[in-house]
Amino acid sequence: MMQSAWTVVFAGLGVNLTLGFLYAWGVIAATLAKDFGWSATQTQIPYILASLIFALSMVPAGRLQDRKGPRTALWLSALLAGVGFLGASVTLTVLGLAFFFGVLFGLAMGFGYAAPTPAAIKWFHPQHRGFISGIVVSGYGIAPVYIAPLAHAIIARYGLSRAFLIFGCLFAGVIFALSFLIANPPASWTPVVLPFGKKHVALKAAKDFTPKEMVRTRAFALLWVLFLLGTFAGLLVIGQMPRIAEEIAGLEYGFVPVALYAVANFLGRMSWGTVSDRLGRGKALSLAFLIQTIVFFVFEQLTNPVLLLVGKSLVGFTFGGMLAVFPAVCADFFGLKNLGVNYGILFTAWGVGGIIGPLLGGLSRDITGGHTVSFLVSGCASLLGVFLSLLLLKRGKDDVPGNT
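So the sequence shown is numbered by this note's numbering: it starts at 1 and just counts up by one.
Derived by calculation from the structure, the hints in this document are not laboratory data.
Note that this is a predicted model, so its numbers are computed, not measured.
Certain hints may be false.
[Said to hold, decoys possible] Think about it this way: if two alpha-carbon atoms lie no more than 27 Å apart in a straight line, the pair counts; the simulated DSSO-like pairs of lysine-lysine are:
| hint | residue 1 | residue 2 |
| --- | --- | --- |
| 1 | K122 | K68 |
| 2 | K122 | K34 |
| 3 | K68 | K207 |
Could you build the full structure based on these sequences and the hints that come with them?
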């Protein structure tokens, strides 16, 4: 059964390797701007909508995962991904991509992303929550490493329309196949304890909170704000990545910064979960926010291509890390029974960040001709996150009734 536990983990990673197409949107956006004459703001509309729908659909998807198990949610994800990309391939307009990519693929991401992580961490002891969730969600972060250059090559050879069609067939098939390897553990299952421990003593939820009970706690409000601050800046950079790289440091190969950002994102997801297991969630989040703060306040001075790539990588490293920490935080505070839907509700903060971040990035570029405003706002948001992580996350723990 140990093998079954790891099968779930790596199958979940595989699912996220397909859903991470969203993080390669910068390559698509650059093509739409260059070949179809879209403005910077227009290129962000499908991306913004996909981010919003992704986050909102995590709530019903999480409820479906909790009640029916992960497989049904994954089957629906495969269907939506296939239909969404097929439709996108024949409607290369703002309205067409807004619906087929933004709405349908956004739904596919929500139902696909909600299923693997709650299932995987249920197979392991609570002391490994950060580590296991980091492995599963790392697929989403590393996906652009292969998607960005592959999309660049396919678009160059076949055009954007056929590229959408090819990715749609690939993603739908992979998600459907991997769904048969992902399941919740049996009721009698004894969680796996891995041969390494941790120094930090995990917060233990006194009970399994229902969604209604969770949203009434102050801890949830504080965590939601932290999640928003932690994702806002990273999503802003993702949506404008090739353009930022070219205009600040003269990097013309759009997929290179996208792929490098993805590697950093992957490493962050793999490492920050374990860091939070050992240091505690609040200290880990505060450290991640501090790194982001420093980078954003100096971002516009990184005119050397190497330094710019380092700065982007640090943002990706911390942004990815936060997405590994928050599922563990949610389980720590509110229990495992309703983790799918509870984390889905918390994940709506990511959706709000997915609207504000890319929209600010596009409008800032169109109105001012640069990215100064975006970087300053992101730096201030990250600085606020430093203090909230240390001061308010600890206070929030005390506001969850019965936690010890």
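Open item on the list: If you test the structure against every hint from before, which numbers come out violated?
Closed with: Going through the list in order, the structure violates hint 2 alone and respects the others.
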